[in-house]
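Asks: Using the sequences plus the hints, can you model the full thing?
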Amino acid sequence: MDVGPVSLASVARINDLGGTEGFGPIDTSESSEPFHADWEARVYALVFALLGKGLYNIDEFRDAIERLPPARYLEASYYEKWLAAIETLVVERGVVDRDAVEEAVRA
Amino acid sequence: MSHVHTDEPDSPAHRGRVLERLLEEAGVVTGAELDAFLDRLPATSSPANGARIVARAWSDDEFRQRLLDDGAAAIAELGYSVGGGPAVVLRVVENTEQVHNVVVCTLCSCYPLALLGPSPSWYKSDAYRARVVRDPRGVLAEFGYFPNEHVTINVLDANAETRYLVLPRRPAGTDGLSEEGLAKLVTRRGLIGTAAV
Amino acid sequence: MPEICRIGDRVRAQARDRGGHTRLPRYVRGHEGTIVAVHCSSLLPDRVVAGDAGDREPVYAVRFDSAELWGVPGHTVTIELWQSYLELP
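Residue numbers (our numbering), protein chains in the order written: chain X, 1 to 107; chain C, 1 to 197; chain G, 1 to 89.
Keep in mind that the hints are not guaranteed to be accurate.
[What the hints assert, rightly or not] If you anchor each label on the Cβ, the simulated ranges turn out as follows:
| # | chain 1 | residue 1 | chain 2 | residue 2 | range |
| --- | --- | --- | --- | --- | --- |
| 1 | X | Val11 | C | Gly31 | 36 to 46 Å |
| 2 | G | Gly74 | C | Ala73 | 33 to 43 Å |
| 3 | G | Gly8 | X | Asp97 | 46 to 56 Å |
| 4 | G | Val36 | X | Arg72 | 35 to 45 Å |
| 5 | X | Phe35 | C | Glu24 | 19 to 29 Å |
| 6 | G | Val72 | X | Ala107 | 52 to 62 Å |
| 7 | X | Phe23 | G | Pro73 | 20 to 30 Å |
| 8 | G | Pro73 | X | Arg98 | 49 to 59 Å |
| 9 | G | Ile7 | C | Ala87 | 17 to 27 Å |
[As the list claims (entries may be wrong)] Here are the simulated lysine to aspartate or glutamate pairs, EDC-like style, with alpha carbons at most 16 Å apart:
| # | chain 1 | residue 1 | chain 2 | residue 2 |
| --- | --- | --- | --- | --- |
| 10 | C | Lys124 | X | Asp27 |
| 11 | C | Lys124 | X | Glu30 |
| 12 | X | Lys53 | C | Glu142 |
Derived from the structure by calculation, the hints contain no laboratory data.
Backbone N, C-alpha and C fix where the C-beta goes; we use that ideal spot for every residue, glycine too.
Replies: Have a look at this one:
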């Protein structure tokens, strides 16, 4: 694990955005509604329900988001990332089968 | 985001529904418990909670001091909890004539949900997370906020288990206001630090 | 794990990446800051995710000057760092 004298100051995962150039101006618009669509609220509730049941802890949840392919991480909306992270974790925990998810999605 | 076709198989709405059904079939969650969680959300997770805490701090100097010393204990007096489990700590940071605080989470989107509600889109945006640690004045200008030149901007990166709540400066000319009246002046942006109040 | 630093101490964030999940962002790596608070004691997330949680360790709030991080004066950045992320300058 010890990398010795080599500096790895700039090696990081895609989620490590602090200081990154090129994102342009911030969309500062405000909404009084916490969610843009019902599915976002369902995903939000699901993340906390599974966390509460101990299916994963907060570190494992963050890690699952960070493990998304970099292009997908930047492209996906916030709650799309959350949904993808739950899918990853429930499959890895053996709660549901990856093929069963894809089959049910296409059904 | 503006043209998501919710009926397409790969739409998040569809995938989310499917996943919820599979988890229900696996006996892990029930739709009813998710419904109940979401029904409670406006009361348990809202910027009105943060605003009430600030209004009390502006009205009661001893409470203000307790809030700065031990955020969790002080908000418990008002019936609030920062939530998130025993590891999560609340730290209230006070704006002064010399220092203005602004909060971000560069690595994900950590946020005091219980006191501020689900976070606004801009807080979670890549642009805000990337830029505010490097150019806070440029970012604040995009929010229409221009702190005085002599003020030091302190950016707080909420990368660990501490959740930050900014205690804005009480606006001038509000001496006659009740706590309830003061709470109405406090905005979500003020509690994060992208506005003065 | 006992605290090895106190408020006011100068510390340097390690300039390394352990691979995998971490809460040590690259923009502070290799830079020096000052400890302004000792917030709590908690498990190192890197090890939690690796399945070897280890002991709880001190988490410090460390304040960095913008001149140190970005080469421009005028602001500070305060971030929390687990003891394992720090070294003495």
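Asks: Taking the Cβ atom of Phe35/X and the Cβ atom of Glu24/C, is their distance within the range 19 to 29 Å?
Replies: holds (21 Å)
Asks: Take the C-beta atom of Gly8/G and the C-beta atom of Asp97/X, compute their distance, and say whether it sits inside 46 to 56 Å.
Replies: About 55 Å separates the Cβ atoms of Gly8/G and Asp97/X, which means 46 to 56 Å holds.
Asks: Quick check: does the Cβ-Cβ distance between Ile7/G and Ala87/C fall within 17 to 27 Å?
Replies: Holds - the Cβ-Cβ distance for Ile7/G and Ala87/C, about 21 Å, lies within 17 to 27 Å.
Asks: Could you tell me whether the CB distance from Val72/G to Ala107/X stays inside 52 to 62 Å?
Replies: holds (56 Å)
Asks: Does the Cβ distance between Gly74/G and Ala73/C fall inside 33 to 43 Å?
Replies: holds (35 Å)
Asks: Hey, Lys124/C versus Asp27/X, does the alpha-carbon distance stay inside 16 Å?
Replies: Status holds; Cα separation ~11 Å.
Asks: With a cut-off of 16 Å on the C-alpha distance, tell me whether Lys124/C and Glu30/X pass.
Replies: Distance of about 12 Å is within 16 Å: holds.
Asks: Does the hinted range 20 to 30 Å hold for Phe23/X and Pro73/G at CB?
Replies: holds (24 Å)
Asks: Regarding Val11/X and Gly31/C, is the given constraint of 36 to 46 Å on their beta-carbon distance met?
Replies: holds (43 Å)
Asks: Could one say that the CB atoms of Val36/G and Arg72/X fall in the range 35 to 45 Å?
Replies: holds (37 Å)
Asks: State, for the Cβ atoms of Pro73/G and Arg98/X, whether the hinted interval 49 to 59 Å holds or is violated.
Replies: Given about 51 Å between the Cβ atoms, the range holds.
Asks: When you check the alpha-carbon spacing of Lys53/X and Glu142/C, does it fall within 16 Å?
Replies: Violated - the C-alpha atoms of Glu142/C and Lys53/X are around 41 Å apart, more than 16 Å.
Violated hint for the displayed structure: number 12, the only one.
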